[in-house]
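K.L.:
Read off the chains here:
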Amino acid sequence: MPQSSFLFAYALIISWAVLMFRFRRGDQIYITQWYLLAAFLWFPWLYAAAQAMLFVVPVQGVMQAAVSWWYANNLLFLWFGAIALGTAYYMIPKVIGRPVYSYHLATIGFWTYALFSSWTGMQRLVDGPFPAWMITASIAATILTIIPVATVGLNHHMTMQGYFPVMRYSPTLRFTVFGAMSYTVFSVLGILISLRSTARYLHFTEASIAYSHMGLYAFFTMIMFGSMYYIVPRLVGREWRYASLIKLHFWASAYGVGLMSLMLLVGGLTQGADQNDTSMTFIESVASVLPYVRGRTVAALLLTVSHFIFAFHFGLMLFGLGRTSTVPTFLNPVEAEGSEEHL
Amino acid sequence: MKGLVPLFIGLFGTFAFSWVGLTVIPNWQIGALNPQTDEEGTDAYPTPKSGMADRGRRIYAANGCIYCHSQQIRPDYDSADIDRVRDAGPSPGPKWAERRSAPRDYIFDRPVVLGKERMGPDLANIGKAAPTEEEKPAPPPPANAPANSPAPAQSPPANASAPKPGTSGSPAAPATSPTPPAAALNPSPAASASPNPTGLPPAYSEAWHHRHLYAPRSMSPDNRDSTMPAYKFLYEKHPISGERSADALQLEGRDAPPPGWEVVPTYEAKCLVAYLMSLDQSHPLKEVKTAPGGAAPPAGSPPAAPGGSPTPAPPKK
Chain A
1 MPQSSFLFAY
11 ALIISWAVLM
21 FRFRRGDQIY
31 ITQWYLLAAF
41 LWFPWLYAAA
51 QAMLFVVPVQ
61 GVMQAAVSWW
71 YANNLLFLWF
81 GAIALGTAYY
91 MIPKVIGRPV
101 YSYHLATIGF
111 WTYALFSSWT
121 GMQRLVDGPF
131 PAWMITASIA
141 ATILTIIPVA
151 TVGLNHHMTM
161 QGYFPVMRYS
171 PTLRFTVFGA
181 MSYTVFSVLG
191 ILISLRSTAR
201 YLHFTEASIA
211 YSHMGLYAFF
221 TMIMFGSMYY
231 IVPRLVGREW
241 RYASLIKLHF
251 WASAYGVGLM
261 SLMLLVGGLT
271 QGADQNDTSM
281 TFIESVASVL
291 PYVRGRTVAA
301 LLLTVSHFIF
311 AFHFGLMLFG
321 LGRTSTVPTF
331 LNPVEAEGSE
341 EHL
Chain B
1 MKGLVPLFIG
11 LFGTFAFSWV
21 GLTVIPNWQI
31 GALNPQTDEE
41 GTDAYPTPKS
51 GMADRGRRIY
61 AANGCIYCHS
71 QQIRPDYDSA
81 DIDRVRDAGP
91 SPGPKWAERR
101 SAPRDYIFDR
111 PVVLGKERMG
121 PDLANIGKAA
131 PTEEEKPAPP
141 PPANAPANSP
151 APAQSPPANA
161 SAPKPGTSGS
171 PAAPATSPTP
181 PAAALNPSPA
191 ASASPNPTGL
201 PPAYSEAWHH
211 RHLYAPRSMS
221 PDNRDSTMPA
231 YKFLYEKHPI
241 SGERSADALQ
251 LEGRDAPPPG
261 WEVVPTYEAK
271 CLVAYLMSLD
281 QSHPLKEVKT
291 APGGAAPPAG
301 SPPAAPGGSP
311 TPAPPKK
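Protein chains in written order, with our numbering: chain A, 1 to 343; chain B, 1 to 317.
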């Protein structure tokens with residue numbers, strides 16, 4: 001039952017998106033549409049393949065773990081990641097009112113992303129009971145993801161060039177650019193922790209949790225927050241009521257996810273170093289990571305605060321308590337007259 | 001980019017490439033392994049788990065044990081997994097493993113619980129760490145000083161954990177000694193084998209696991225840093241009617257039930273412990289090098305090379 005309602009919801013989303021796409025103006029397919037079409041095509045296939053291989057015709061033994069990680073990693077990259085990148089390609093040019101820097105870079109970034117990130121995943125099973133070629137192939141693919149990261153990052157950066165001060169005013173841009181920058185950091189970290197020489201110390205530690213949080217929160221969720229700050233006023237016909245709440249939301253979530261990643265990463269390093277030192281007992285490795293886990297709890301509290309702030313603000317919008325105004329809510333008073341048209 | 005057709009072909013192709021490359025081909029390579037047997041077709045390994053142990057795996061999965069415990073041993077050239085010894089028990093404690101894990105170790109596991117983090121120790125060989133049957137009646141070590149415990153009473157596990165090189169047949173003896181099926185059939189005698197009410201049960205025995213699940217931080221002063229949750233809901237506290245139950249937990253201090261009461265494991269707890277006791281990857285596999293400096297692997301298994309790993313031989317159909 002949950003699965004059929006899930007499929008129904010998905011079909012609703014997809015059918016509207018496909019209808020929109022079918023009756024679009026012009027022949028050009030915009031970059032965002034590549035990413036979204038790809039995600040809409042990949043996700044059902046990915047989900048069905050994992051369901052079939054894990055539950056309908058279960059694979060034997062360790063292959064269950066391989067299929068699980070293949071699913072989890074591709075869910076992160078081909079579904080969440082593709083949606084986030086597509087959204088960033090829409091929001092950044094839209095808010096600053098300037099076309100994307102280069103379509104060629106975008107094409108390279110898109111196809112290398114599709115090709116390489118779909119082959120990652122097995123590096124999370126490094127040195128496990130698997131044929132070594134699987135893990136090595138995923139490590140190689142992870143290293144090659146530097147190509148889409150570099151091209152997408154460069155494209156966003158060149159689009160933003162000269163418009164970075166707009167982040168002072170626009171909530172959408174501030175969240176989206178934070179997410180787009182996190183994509184670079186997340187991917188570079190992913191390359192670093194997947195190398196065999198570092199995986200020796202970081203496998204089975206909190207560091208892999210730091211990596212997942214950077215992907216799902218600092219990258220995907222922050223871009224989604226940004227797009228909600230853009231979409232919701234257009235849906236309900238009101239503007240966000242309190243600029244201060246948006247600012248608080250941004251700083252609490254940015255510091256929260258930053259602190260969480262840092263704590264888990266450093267904690268993972270000490271944990272891994274201790275576990276590779278056989279002169280230490282196991283419980284000592286747990287004791288050494290405890291301060292970092294407590295630091296992570298502080299970070300999680302910050303994130304909780306930011307979520308409550310956003311939920312409250314979103315609730316105000318839903319109940320029609322937003323501002324009625326023709327001017328969007330800026331984070332700071334707009335000083336320069338000329339910059340207004342870019343917002 | 002213009003045209004939907006090239007876009008769709010590309011999207012289809014990239015994903016099909018990944019799907020075939022990372023799931024279909026590996027599944028063809030390691031997805032249909034059979035248990036290994038010796039020349040006479042006996043001494044099969046691995047074998048399916050008993051009913052209780054198999055049910056215990058589901059309890060293991062349902063309680064999220066996988067989030068903190070791994071069940072896979074990495075090779076010695078890339079980690080300290082094989083050199084590591086367990087914290088509890090007489091010093092030196094039982095080793096984590098004699099060899100790395102291989103796909104064949106897991107062919108009957110469903111769901112497979114390899115794990116991804118180690119806030120708790122690896123459990124791939126936890127059943128192997130249990131004291132052998134004959135020494136269970138031995139007096140347990142003093143509670144707070146595992147290092148000072150009477151070593152002779154507990155030393156056989158350490159001996160048993162170092163199979164002699166070149167004898168591929170003999171390690172079967174230690175491998176079968178914990179006898180999970182027998183323990184599963186009749187768990188109570190083993191659990192009641194601790195005659196000393198103040199001391200800890202022998203490390204990694206069934207009684208030890210029950211007490212550890214009930215009160216993880218009561219096991220030793222070192223263990224107060226343990227982040228393991230107490231699985232008290234897998235146990236029942238009820239008044240003693242007549243005789244004290246044979247499988248009642250030996251508890252002390254804060255965890256002890258009030259006088260006249262006792263704490264006994266539920267059937268789920270017994271299944272979980274039967275599962276833990278059944279975890280044992282000590283049986284040698286042809287495709288994996290056993291113990292550093294131990295028996296050389298038979299032909300067909302390449303030695304550990306940098307950048308590669310002793311890949312399991314392709315399944316011989």
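Any given hint might turn out to be false.
Each pair of labels, with its calculated beta carbon distance range [claimed, not checked]:
hint, chain 1, residue 1, chain 2, residue 2, range
1, A, 298, B, 266, 35 to 41 Å
2, A, 301, B, 256, 34 to 40 Å
3, A, 51, B, 58, 33 to 39 Å
4, A, 318, B, 51, 27 to 33 Å
5, A, 327, B, 5, 20 to 26 Å
6, A, 243, B, 225, 32 to 38 Å
Quick caveat, the hints were computed from the structure, so don't treat them as lab data. Think of the CB as a built atom: it goes at the ideal place given N, C-alpha and C, for glycine as much as any other residue.
K.L.:
Evaluate each hint against the coordinates.
P.N.:
Verification of the hints:
Distance hint for residue 298 of chain A and residue 266 of chain B: a CB-CB separation of about 37 Å, consistent with the stated range 35 to 41 Å. As the Cβ distance of residue 301 of chain A to residue 256 of chain B is approximately 35 Å, the hint placing it in 34 to 40 Å holds. A beta carbon spacing of about 19 Å between residue 51 of chain A and residue 58 of chain B contradicts the range 33 to 39 Å that was offered as a hint. Distance hint check for residue 318 of chain A and residue 51 of chain B: the Cβ-Cβ separation is about 53 Å, which falls outside the suggested range of 27 to 33 Å.
The hinted window of 20 to 26 Å between residue 327 of chain A and residue 5 of chain B is violated, with their beta carbons roughly 44 Å apart. In this structure, residue 243 of chain A and residue 225 of chain B break the distance hint of 32 to 38 Å, their C-beta atoms being roughly 45 Å apart.
Hint compliance for this structure: hints 3, 4, 5 and 6 are not met, and every other hint is.
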